[in-house]
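Chain order of the listed sequences is A, B, C and D. Just so it is clear: in the first sequence, position 30 is 29 by numbering that gives the first Met the number 0, and no numbers are missing. Just so it is clear: in the second sequence, position 74 is 73 by numbering that gives the first Met the number 0, and no numbers are missing. Just so it is clear: in the third sequence, position 26 is 25 by numbering that gives the first Met the number 0, and no numbers are missing. Just so it is clear: in the fourth sequence, position 80 is 79 by numbering that gives the first Met the number 0, and no numbers are missing.
In case anyone wonders, no lab produced these hints; they're calculated from the structure. Because the structure is a prediction, the values reported are computed rather than measured. Be aware that one or more of the hints could be misleading.
What the hints assert, rightly or not - A short list of chain A residues far from chain C (calculated; beta carbon distances all over 12 Å):
| hint | residue |
| --- | --- |
| 1 | Met0 |
| 2 | Arg5 |
| 3 | Leu35 |
| 4 | Glu47 |
| 5 | Pro69 |
| 6 | Glu72 |
| 7 | Val84 |
| 8 | Gly85 |
What the hints assert, rightly or not - Pairs of lysine to any residue, SDA-like flavour, derived with a Cα cap of 25 Å:
| hint | chain 1 | residue 1 | chain 2 | residue 2 |
| --- | --- | --- | --- | --- |
| 9 | C | Lys20 | A | His123 |
| 10 | D | Lys72 | D | Cys44 |
| 11 | C | Lys20 | A | Glu47 |
The C-beta atom is built at its ideal place from N, Cα and C for all residues, glycine as well.
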Amino acid sequence: MIRLTRDPIETHELTQSVLRPGCGAVVLFLGTVRDLTGDERTVFLDYEAYAPMAEAKMAEIEADVRSRWPVGEIGIVHRLGRLYVGEVSVAVAVSCPHRDQAFEAARHAIDRVKELVPIWKKDHAPDGQSEWVPGTPLTR
Amino acid sequence: MIRLTRDPIETHELTQSVLRPGCGAVVLFLGTVRDLTGDERTVFLDYEAYAPMAEAKMAEIEADVRSRWPVGEIGIVHRLGRLYVGEVSVAVAVSCPHRDQAFEAARHAIDRVKELVPIWKKDHAPDGQSEWVPGTPLTR
Amino acid sequence: MEHESFTIQVLLFARARDLAKADSVELRLPFPATAADVRQAIRECCPQLEPLLASSALAINHDFADDSTPIPKNCEIALIPPVSGG
Amino acid sequence: MEHESFTIQVLLFARARDLAKADSVELRLPFPATAADVRQAIRECCPQLEPLLASSALAINHDFADDSTPIPKNCEIALIPPVSGG
Chain A
0 MIRLTRDPIE
10 THELTQSVLR
20 PGCGAVVLFL
30 GTVRDLTGDE
40 RTVFLDYEAY
50 APMAEAKMAE
60 IEADVRSRWP
70 VGEIGIVHRL
80 GRLYVGEVSV
90 AVAVSCPHRD
100 QAFEAARHAI
110 DRVKELVPIW
120 KKDHAPDGQS
130 EWVPGTPLTR
Chain B
0 MIRLTRDPIE
10 THELTQSVLR
20 PGCGAVVLFL
30 GTVRDLTGDE
40 RTVFLDYEAY
50 APMAEAKMAE
60 IEADVRSRWP
70 VGEIGIVHRL
80 GRLYVGEVSV
90 AVAVSCPHRD
100 QAFEAARHAI
110 DRVKELVPIW
120 KKDHAPDGQS
130 EWVPGTPLTR
Chain C
0 MEHESFTIQV
10 LLFARARDLA
20 KADSVELRLP
30 FPATAADVRQ
40 AIRECCPQLE
50 PLLASSALAI
60 NHDFADDSTP
70 IPKNCEIALI
80 PPVSGG
Chain D
0 MEHESFTIQV
10 LLFARARDLA
20 KADSVELRLP
30 FPATAADVRQ
40 AIRECCPQLE
50 PLLASSALAI
60 NHDFADDSTP
70 IPKNCEIALI
80 PPVSGG
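For reference, chain A alone in the conformation it holds in the complex (with noise of 0.2 Å):
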């Protein structure tokens, strides 16, 4: 399951909606706006999408690690719009049945999600300065 959202992250929802009989593990991630980048301040971040093309990418990682892992379930979720210090933007839930397939899976997605999916943050400083984060230029 993917998606991106404007409104605030279900993460027990998600969380609950990958549990299964069969996996006896489950890892979350939320990706967090943090107070501070080295020493500049964050006030709230605004995100924008690529939308079709990142739901897309979106789909083919979670192809990729149900291709790598035997997942159970697998949810990723991205927030777009204002978000303020200590909201969720990002959240990825995977359940397998051992764990160290669950961390794997999980951490991997994420990494794949800060890769590959065309979302941008816009960081606003206490000062009213606003700048795009600098990001990572594709590898693939």
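Position chains B, C and D relative to chain A; hints supplied.
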């Protein structure tokens, strides 16, 4: 925060409780009761602990994780008593500034819980047979 | 004989949109054309995007393109600056 | 001259409790004694625990003990079969 409980683990509250403005990453691990171990079907598990020592070891694990990673907050909760397939037996939630730290810290914590904490489970099969899960001898 | 040509829209996002002050740019390309031709046409029409071009990817129909990827006549093209989701 | 001796309770859990059909066993040890002496005393008093002893640890006051760990006169001792939490 460490806790033994006979009630269902409140995984959402646990996750929320580790969120910190300086931490951009949260990892939650849930161990759940699997329906199959190899070919053997499980109906429920009975968990028991040597409670005061289990709490002491969980507190040691919390301190160990905090000494190795820049943990914002960590929560480790283990459930005791009768758990049916699908129920959450153990939960670990960790927040850190960055995701590599949060993944490593959560993984280390659950690995140590399974190695060091005096908790045992008895597996109950559909035919009424039951046996203590062999477990791992202490290596330390 | 005149070479065939066609028009494409390139969608712009994030810093690219801010630099170009536009959601998209319209380019006229010879046919056939590749992604490398799109880059060159962007360079010529929007010099303000120059600092971002080397680190940006081109996407054709929601998939990343190499310089050699051909541009179909009806497709959705986007310039993808370094991503920073998560 | 008679050697000093003392009595300890060893708490039993999980498979150890099932095998011994008891929550604890009482042992009389010479003083001073080590964890190795506790193991030997368990072996003698409860032969039914023998198959579990080699893979089990002893805990003294909630910490794992080596064979050489001395046994204080007032302490909580437990036999810890291989753990299977999680």
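Evaluated hints:
no., hint, in the structure
1, Met0, "holds, 17 Å"
2, Arg5, "holds, 14 Å"
3, Leu35, "holds, 16 Å"
4, Glu47, "violated, 6 Å"
5, Pro69, "holds, 25 Å"
6, Glu72, "holds, 21 Å"
7, Val84, "holds, 15 Å"
8, Gly85, "holds, 16 Å"
9, C:Lys20 x A:His123, "holds, 19 Å"
10, D:Lys72 x D:Cys44, "holds, 20 Å"
11, C:Lys20 x A:Glu47, "holds, 16 Å"
Violation of the numbered hints given earlier is confined to hint 4; every other hint is satisfied by the structure.
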